[in-house]
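The residues making up each chain are set out below.
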Amino acid sequence: MANIMEIQNVSKIYGPLKALQDVSLSVPPGQWLAIMGPSGSGKTTLMNIIGCLDTPSLGEVILDGVRLSSLKPGELTTIRREAIGLIFQQFHLVSYLTALENVMMAQFYHSLVDEGEAMEALERVGLSDRARHLPRQLSGGEQQRVCIARALINHPKLLLADEPTGNLDEINEKLVMDILHKLRGGGSTIVLVTHAPEVAAHADRVIVLEHGKLAEDRLNERGGDAGPLAAAGLAESEGEVGGAKMAS
Amino acid sequence: MGAKTALQGNRPFLFRMLASSLVRRRSRLLVALTGIAIGATVLLGLVTLCYDIPRQLSREFRSYGANLAFVPVGGALALDRGLLEKARAFLPQGELVGLTPFRYESVRSRMLPYTAVGTDFTEARKTSPFYRVEGAWPARPGEILVGGDVAERTGLGPGKTMPLDGRNSRRERYDQEFAVVGVVITGGVEDEFVFLSLSDMEAMTGEEGRVDLAEASLSAGKDELERIAGAIKAALPGVDARLVTQVTRSEETVLAKLTSLVYLVTAVVLTLTMICVATTMMTVVLERRREIGLKKALGADNRRVAREFLAEGLCLGIAGGLLGSALGLIFARVVSENVFGRALNPELFLIPLTVLVSALVTVVACLAPVRRAVDVEPALVLRGE
Ligand SMILES: Nc1ncnc2c1ncn2[C@@H]1O[C@H](COP(=O)(O)OP(=O)(O)OP(=O)(O)O)[C@@H](O)[C@H]1O
Ligand SMILES: [Mg+2]
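In the order they appear, the protein sequences are chains A and B.
Residue 31 in our numbering sits at position 31 of the first sequence, with consecutive numbering throughout.
Position in the second sequence counted from 1, then plus 1000, gives you our numbering.
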């Protein structure tokens, strides 16, 4: 429907192991979803399926109205390129390219390289003075912010972050969370995998996986103005407004 | 925006990425580059030599080697020197390198029989450049050369003297002592001979004007030689002029052997280069699995991944080819000067050809690694800790 992401009875089976079992989930546009769960519970597996990097063994994923099972591998690549921004725990920056060039690379594979725009993206994550540094000349926090700038450069409808703060200290974790807050304020849909409850607390909604099953699904209750508004994203009216916006 | 515009707008970044990869990872690519450069060095070096040396040799054969022989005909036992001078008039002056008379006499020295050859040493040096003389060529009357085998048997050499005696056609005895100034080595029958100047031989025997054989060297092609020989035979009944083909044949044999050797060595070297590049690129692909996975995760399809790797291979191939061409020219020059003793006259069109072959070989060597690269599953490599 109007949901940006619809997961219907998805399972992922590796031989005897069921990494995901019958997971169903609906995410309206603009929602910030946190996925929690113990190690090996299937969080990364779920992220990869949502991110079109992997396909489910059973079940169906519908992204922005598109049924993924009906697509060929090449078309999945297109969806990934057009609609999704990825942030990884291990950053995955290209070692021989500068911070700026790493961001530009995402533009390169998406559409058109625009150095000025890439520079602005680095500015937004507070790294304009590090633009010409190679990844090894950057701290972990700085590398992760380059990674975020890269994920955001093509204005994805859906931002997927797999433990983006897992390798960062508290200060850098706060920097990253601030950036994500700004994004959510701008209407982006965020899916964030984390082990840390204090990170999950920033989200509008938290789901918990256990042994590949959806064990918990709750809305965060929070003070302040952003929380209730975003949480209301689940409500019918807001969802339709958001859906209309996404459909354009 | 059209796909074409996107491609053109992105091209500078493609080059930037390529340059960064090549420059910032240069130590990794050094092995491949060295391999390609060595391959190109050998390729250009050998092909240049293959081109240049036989050409130089054949020029030498043609301009110096005897290619026309005059022999007596029609019952005559010898040529007359006057007849030879008449034959000389038929030889175009501009193309005549040398005309050497030969007269053979059976002589004895210290009881042993020898064949003495009377000739013109100045001309012989021109028509028989393959005569190797240890010591000096005779320059004054009374000086002689002995053949290598004679020298070995008798212990004669520069500084020694050699008495010659015999009888002329009038049965008159002669006897004279000569100074040996050099030993001539050809590997042929000449090694059995004793060489003296024709005038010394005439003085010794008291018989003048006889020549048994003459050899001319002309820088002319086969057709012209045949024409000249025909003209001489027609005009001078006592002379038969024959084309000497032996030299040409040996020249062709040398060429063919050299060429097939070069092809063989080149094929081996190119194969080794290909293996070296393929191995290096395979390592490069393994090292860069994450990067490839990342590019795919960012939306690069297989074609782009393959294209970028091949472009990198192409750059390596061209760089290696250029480097190797420079080294190859140096290599060919050194070999040419030290082994063949002559300056190199390189064919410049071989350089772009070498670069092209290097680029091709590198790209072909990259095909298997590239197939590996496009098979990378982003979900798997990006998951890795
Ligand atoms: N390609 C694969 N082949 C076989 N098993 C796999 C594969 N990928 C993942 N698994 C298994 O699936 C299960 C879920 O893995 P997943 O990476 O999704 O866990 P996770 O929740 O992300 O864990 P972590 O918190 O440690 O990152 C694990 O038991 C893992 O070993
Ligand atoms: Mg994980």
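Just so you know, not all the hints are guaranteed correct.
[Said to hold, decoys possible] Using 25 Å as the maximum straight-line C-alpha spacing, the simulated DMTMM-like pairs for lysine to aspartate or glutamate come out as follows:
| id | chain 1 | residue 1 | chain 2 | residue 2 |
| --- | --- | --- | --- | --- |
| 1 | A | Lys18 | B | Glu1123 |
| 2 | A | Lys182 | A | Asp114 |
| 3 | A | Lys72 | B | Glu1208 |
| 4 | A | Lys72 | B | Glu1377 |
| 5 | B | Lys1126 | B | Asp1080 |
| 6 | B | Lys1222 | B | Glu1123 |
| 7 | B | Lys1233 | B | Asp1223 |
| 8 | B | Lys1233 | B | Glu1192 |
| 9 | A | Lys157 | B | Glu1377 |
| 10 | A | Lys72 | B | Asp1149 |
| 11 | A | Lys18 | A | Asp169 |
| 12 | A | Lys157 | B | Asp1301 |
| 13 | A | Lys157 | A | Asp169 |
| 14 | A | Lys72 | B | Asp1301 |
| 15 | A | Lys157 | A | Glu173 |
| 16 | B | Lys1086 | B | Glu1123 |
Because the hints were derived from the structure by calculation, they are not lab data.
Consistency of the hints with the structure:
1. A threshold of 25 Å between alpha carbons decides the hint, and for Lys18 of chain A with Glu1123 of chain B the separation of about 98 Å lies outside it, so the pair is violated.
2. In summary, the hint linking Lys182 of chain A to Asp114 of chain A is supported, as the alpha carbons are separated by about 23 Å, within the 25 Å threshold.
3. Note on Lys72 of chain A and Glu1208 of chain B: the hinted pairing is violated, with a Cα-Cα distance of about 103 Å set against a maximum of 25 Å.
4. Restraint check for Lys72 of chain A and Glu1377 of chain B: satisfied, since their Cα atoms lie roughly 15 Å apart, inside the 25 Å limit.
5. A threshold of 25 Å between alpha carbons decides the hint, and for Lys1126 of chain B with Asp1080 of chain B the separation of about 22 Å falls inside it, so the pair holds.
6. For the given pair, Lys1222 of chain B sits about 22 Å from Glu1123 of chain B by alpha-carbon distance, which is consistent with the 25 Å threshold.
7. Restraint check: the Cα-Cα separation between Lys1233 of chain B and Asp1223 of chain B comes to about 16 Å, which is no more than 25 Å; the hinted pair holds.
8. The hinted pair formed by Lys1233 of chain B and Glu1192 of chain B fails the criterion: a straight-line CA distance of about 32 Å is larger than 25 Å.
9. About 24 Å separates the Cα atoms of Lys157 of chain A and Glu1377 of chain B, which keeps this hinted pair within 25 Å; it holds.
10. Simply put, Lys72 of chain A and Asp1149 of chain B have alpha-carbon atoms about 86 Å apart, too far for the 25 Å limit, and the pair is violated.
11. Straight-line distance between C-alpha atoms of Lys18 of chain A and Asp169 of chain A comes to about 33 Å, which puts the hinted pair past the 25 Å bound.
12. Pair hint Lys157 of chain A plus Asp1301 of chain B holds up; C-alpha atoms about 20 Å apart against a cutoff of 25 Å.
13. Between Lys157 of chain A and Asp169 of chain A the alpha-carbon distance is near 28 Å, which puts this suggested pair outside the 25 Å criterion.
14. This hinted pair checks out: Lys72 of chain A and Asp1301 of chain B have alpha carbons roughly 12 Å apart, not beyond 25 Å.
15. Among the hinted pairs, Lys157 of chain A with Glu173 of chain A is consistent with the structure: their alpha-carbon atoms are about 23 Å apart, no more than 25 Å.
16. Distance restraint check for Lys1086 of chain B and Glu1123 of chain B: the Cα-Cα separation of roughly 17 Å lies within the 25 Å cut-off, and the hinted pair is therefore satisfied.
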